[in-house]
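Visitor: Based on the sequences and whatever the hints tell you, model everything.
Chain by chain, the residues:
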Amino acid sequence: MPINFLSPDYEVLRNDDRCITCRICERQCANGVHEYIEERGKLISDDAKCVNCQRCVSLCPTRALKIVKSGNTYKENENWNQKAINELYRQATSGGVLLSSMGNPEPYPIYFDKILLNASQVTNPSIDPLREPMETKVFLGPKPQTVERDEQGHIKPNLPPHLTLSLPVMFSAMSYGSISYHAHESLARAAEALGILYNTGEGGLHEDFYKYGKNTIVQVASGRFGVHKRYLESGAAIEIKMGQGAKPGIGGHLPGAKIVGDISRTRMIPEGSDAISPAPHHDIYSIEDLRQLVYSLKEATNYQKPVIVKIAAVHNVTAIASGVARSGADIIAIDGFRGGTGAAPTRIRDHVGIPIELALAGVDKRLRDEGIRDRVSLVAAGSIRSSADIVKAIALGADAVYIGTAALLALGCHLCRSCHSGKCNWGIATQIPELTKRLNPDIGYQRLVNLLTAWEHEIKEMMGSMGINSIESLRGNRLMLRGVGLNEKELEILGIKHAGE
Amino acid sequence: MKEGQVRIPAGCAISGIFNKSGKRFSGEDILRSITVMHDRSNGLGGGFAGYGIYPEYKDYYAFHIFYDNALMKKECEEFLERHFDIINLSKIPTRKTKEITDEPLIWRYFVTPLPTKLSASQLDEREFVSKCVFRINARINGAYVFSSGKNMGVFKAVGFPEAVGRFYRLEEYEGHCFTAHGRYPTNTPGWWGGAHPFALLDYSVVHNGEISSYDANRRSIEMYGYRCTLQTDTEVITYIIDYLHRQKGLTFKEISAVIAAPFWQTIERMPPEKRALHEYLRNVFSAQLITGPFSILVGWNGGLMALNDRLKLRSMVVGEKGDTVYMASEESAIRIIEPALDKVWMPKGGEPVIVELSGVEVNSHAH
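If you read the protein sequences in the order shown, they are chains S and P. For the first sequence, this note's numbering assigns the number 131 to the initial residue and increments by one for each residue that follows. For the second sequence, this note's numbering assigns the number 4 to the initial residue and increments by one for each residue that follows.
Watch out, some of these pointers could steer you wrong.
To be verified - List of simulated lysine to aspartate or glutamate pairs, DMTMM-like, C-alpha gap at most 25 Å:
| # | chain 1 | residue 1 | chain 2 | residue 2 |
| --- | --- | --- | --- | --- |
| 1 | P | K277 | S | E281 |
| 2 | P | K77 | P | E102 |
| 3 | S | K286 | P | E354 |
| 4 | S | K286 | P | E282 |
| 5 | S | K273 | P | E271 |
| 6 | P | K277 | S | E262 |
| 7 | S | K344 | P | E282 |
| 8 | P | K324 | P | E341 |
| 9 | S | K267 | S | E588 |
| 10 | P | K101 | P | E31 |
| 11 | S | K344 | P | E271 |
| 12 | P | K134 | S | D499 |
| 13 | P | K134 | S | E429 |
| 14 | P | K256 | S | E620 |
| 15 | P | K94 | P | E59 |
| 16 | S | K627 | S | E500 |
| 17 | S | K495 | S | E620 |
| 18 | P | K251 | S | E281 |
| 19 | P | K351 | P | E282 |
| 20 | S | K273 | P | E130 |
| 21 | P | K134 | P | E80 |
| 22 | P | K315 | S | E591 |
| 23 | S | K619 | P | E225 |
| 24 | S | K267 | P | E257 |
| 25 | S | K267 | P | E276 |
| 26 | P | K251 | S | E278 |
Derived by calculation from the structure, the hints in this document are not laboratory data.
Guide: Here it is as structure tokens:
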């Protein structure tokens with residue numbers, strides 16, 4: 131084997147006093163880290179293969195395993211740090227583009243963590259969510275510009291198509307193919323149980339999941355995989371994916387190895403062929419082209435479905451969103467630069483795009499300045515990690531949020547960021563049958579329901595403490611927010627005051 | 004005003020009297036009513052609105068304006084002359100009292116839009132007038148229009164409401180409806196313009212509470228061209244009411260279902276048609292929902308509405324005697340002027356009490 135210059139990032143530590151050589155770790159690791167040495171009666175591990183997915187650690191019955199950051203260090207250098215050197219070695223060996231998965235892990239500011247929430251004291255009462263109604267229901271879609279009445283003076287129901295959510299949260303687009311059948315089933319069933327929606331992503335909709343249609347957003351992306359009339363008609367809304375926070379400006383690539391069986395049929399492409407989504411939609415080179423696709427989809431579905439346009443948060447996002455709002459979109463989803471992905475070029479993921487907090491605040495303000503905020507709803511995505519992030523996003527101006535990574539974590543993902551390898555030991559981002567069966571959708575859906583039930587309680591507690599008993603009164607209510615440790619420009623863009631003001 | 008000189012607990016006093024037959028009565032009653040609730044104010048603001056008080060000028064917009072100095076007055080009058088026909092102007096009569104000090108120049112104008120300006124603006128008359136009011140308040144620093152309706156007027160100042168009433172010689176006015184406000188601000192420096200009622204055109208609002216939806220309401224209403232310069236709840240509530248009533252044509256009952264919307268659990272139990280209406284209103288006007296404690300009296304030419312927040316986090320009592328309806332923060336404020344009421348009750352949260360004139364024309368623009 132040629133020298134690749136690399137040293138492993140992690141060490142697998144096995145406590146031999148605890149190990150009972152049950153060999154579960156060996157069977158559980160699709161990366162082949164663990165190996166049983168017959169003659170020594172011992173398990174050994176190859177650190178170089180470990181992605182730190184924690185599968186073996188979680189399943190070891192005697193807690194004999196732990197994975198730690200390797201203590202091996204290169205000569206210390208603030209500029210040429212170990213990561214930079216390793217990436218360079220890897221490219222010098224392969225000649226290829228570095229690939230990564232899941233969201234940007236680099237130490238950029240996390241604005242949600244520099245924003246604090248308000249609470250009522252004395253002059254107005256906080257409201258106890260255990261004793262009083264606390265409303266989290268939201269509608270997504272445009273508002274009619276005029277109130278019309280019939281001859282008797284009754285208000286006519288002139289509402290354009292819209293979505294109703296029991297909680298301002300949806301599962302964001304993750305395609306069947308990039309994640310497993312069981313993962314999709316878990317999301318669909320959880321969405322139905324919770325009264326929210328999940329999103330097919332760009333891989334089409336498996337035949338078995340049409341029954342969850344009223345809780346489904348069907349996506350149309352640049353590859354148009356799996357898009358046909360029945361597909362469009364099956365969901366509650368249609369999403370045009372113009373961009374993704376993890377990889378703005380580029381398309382997607384699902385390797386042929388994942389295009390097997392049902393995935394090939396659902397995507398309507400031959401087995402084993404790579405599914406490559408072009409960087410742009412080749413029928414959308416301008417804003418006026420987008421309008422044509424929006425209305426084509428509306429025509430195709432008889433103006434019965436709201437159309438979502440999903441864009442990545444990039445520098446010019448406010449102007450882009452304004453253009454999209456004027457192009458027939460009913461809902462705009464903005465995906466921040468920390469959003470997840472099943473695979474993206476590392477340099478794109480880590481260096482392109484802007485934080486969702488700033489993009490959301492900017493877009494909400496721009497749409498209000500232009501008087502068109504009630505023509506569209508805004509969905510914020512790109513690393514919503516907790517109920518507090520949701521409350522802050524809504525107070526900044528979002529109507530609802532998308533969660534992707536958080537949902538996968540609920541299913542067992544440990545953020546090893548190796549989805550692109552296709553060997554997800556948790557059975558989520560893989561199509562290998564022995565691995566996919568590890569995710570039990572009965573348990574998976576319940577864990578998603580649990581997560582959002584817990585978040586719902588927390589959202590209600592935070593609302594109640596602010597004296598707000600309907601989430602609609604939190605939307606865009608930026609006086610409920612204060613910044614800590616932010617400079618004047620950041621506060622200005624977020625449209626919030628500093629703590630103490 | 005330094006922090007610590009005022010007790011912090013919030014509270015305000017509001018009171019209203021409305022005669023359904025349009026019979027006019029003196030401002031003395033409302034003055035006595037609000038005086039009883041002295042302890043609900045802290046001397047940082049008081050005010051009154053009277054309806055039907057200018058019958059001789061009922062077809063003209065009555066502008067009440069505060070000026071910081073004569074220079075601002077000159078600038079504002081030039082603006083008025085460019086846009087309106089000024090039928091009459093005068094100082095608003097006041098009485099010197101030692102409780103009320105630092106008064107600005109207080110002037111009253113009866114105006115009607117210049118036909119050429121109005122037609123060039125392509126706006127309806129009331130929209131034109133409201134735009135001019137916003138223009139003066141935003142652009143002419145030191146001039147502030149605090150009343151702009153027909154056949155109605157607002158009188159307000161920094162001080163306890165009973166002193167404010169005496170200062171403005173309220174007992175000399177007669178109208179079919181009066182509302183009053185005693186202010187207990189915790190976070191506002193006393194400024195005359197910041198006292199209540201707050202009014203736009205003939206809509207006036209007195210409010211007791213501190214709403215938690217403020218910034219959501221403010222940012223949504225500003226999208227429709229309103230400018231919240233005072234940053235008070237009452238200001239934004241007035242604009243919401245103007246928007247929903249004048250711009251969107253909702254009835255006051257529908258408005259109450261928007262700003263103090265029934266809970267979803269209540270809506271779900273309604274008969275289908277009613278349920279559909281409430282779902283529609285809550286969906287379309289979700290940004291105008293007001294949360295947190297409030298009790299308000301909304302006056303307009305022809306009516307008066309009392310409304311509490313959806314949880315009734317502030318007090319509000321309504322009483323009736325003959326064709327007169329009384330609404331106040333406390334029953335004592337009603338009993339002091341009418342001890343023998345036919346009926347007295349406390350409306351539920353979100354349940355509006357709307358009273359209207361029966362067939363009496365108040366001005367040329369009847370609602």
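Visitor: Next, verify each hint and record whether it holds.
Guide: Right, here's what the structure says about each hint:
A hinted pair counts as satisfied when its Cα atoms are at most 25 Å apart, and P/K277 with S/E281 qualifies at roughly 17 Å. Distance restraint check for P/K77 and P/E102: the Cα-Cα separation of roughly 29 Å exceeds the 25 Å cut-off, and the hinted pair is therefore not satisfied. Distance check on the hinted pair: S/K286 and P/E354 sit about 23 Å apart at the alpha-carbon level, within 25 Å; holds. As the CA atoms of S/K286 and P/E282 are separated by approximately 12 Å, the hinted pair is consistent with the 25 Å bound.
As the CA atoms of S/K273 and P/E271 are separated by approximately 21 Å, the hinted pair is consistent with the 25 Å bound. Note on P/K277 and S/E262: the hinted pairing holds, with a Cα-Cα distance of about 23 Å set against a maximum of 25 Å. With a C-alpha separation of about 19 Å, the suggested pair S/K344 and P/E282 falls inside the 25 Å cut-off, and the hint holds. Distance restraint check for P/K324 and P/E341: the Cα-Cα separation of roughly 8 Å lies within the 25 Å cut-off, and the hinted pair is therefore satisfied.
A hinted pair counts as satisfied when its Cα atoms are at most 25 Å apart, and S/K267 with S/E588 qualifies at roughly 15 Å. The straight-line distance between the Cα atoms of P/K101 and P/E31 is roughly 20 Å, inside the 25 Å bound, and the hint therefore holds. Between S/K344 and P/E271 the CA atoms are separated by roughly 20 Å; this keeps the pair inside 25 Å, and the hint holds. Distance check on the hinted pair: P/K134 and S/D499 sit about 18 Å apart at the alpha-carbon level, within 25 Å; holds.
With a C-alpha separation of about 41 Å, the suggested pairing of P/K134 with S/E429 is violated against the 25 Å cut-off. A C-alpha spacing of about 43 Å is found between P/K256 and S/E620, which places the hinted pair above 25 Å, so the restraint is violated. Proposed proximity of P/K94 and P/E59 is supported: the alpha carbons are some 17 Å apart, at most 25 Å. Taking the CA atoms of S/K627 and S/E500, the gap is near 23 Å; set against the 25 Å cutoff, the hint holds.
Proposed proximity of S/K495 and S/E620 is supported: the alpha carbons are some 14 Å apart, at most 25 Å. Proposed proximity of P/K251 and S/E281 is supported: the alpha carbons are some 17 Å apart, at most 25 Å. Between the alpha carbons of P/K351 and P/E282 the distance comes to roughly 21 Å, so the proposed pair stays at or under 25 Å and holds. Restraint check: the Cα-Cα separation between S/K273 and P/E130 comes to about 23 Å, which is no more than 25 Å; the hinted pair holds.
Taken as a hint, the P/K134 and P/E80 pair is honoured in the structure, with Cα atoms around 16 Å apart against an allowance of 25 Å. Distance restraint check for P/K315 and S/E591: the Cα-Cα separation of roughly 20 Å lies within the 25 Å cut-off, and the hinted pair is therefore satisfied. Taking the CA atoms of S/K619 and P/E225, the gap is near 23 Å; set against the 25 Å cutoff, the hint holds. The straight-line distance between the Cα atoms of S/K267 and P/E257 is roughly 20 Å, inside the 25 Å bound, and the hint therefore holds.
Among the hinted pairs, S/K267 with P/E276 is consistent with the structure: their alpha-carbon atoms are about 20 Å apart, no more than 25 Å. For the hint linking P/K251 to S/E278, the alpha-carbon distance of about 9 Å falls within 25 Å, and the restraint holds.
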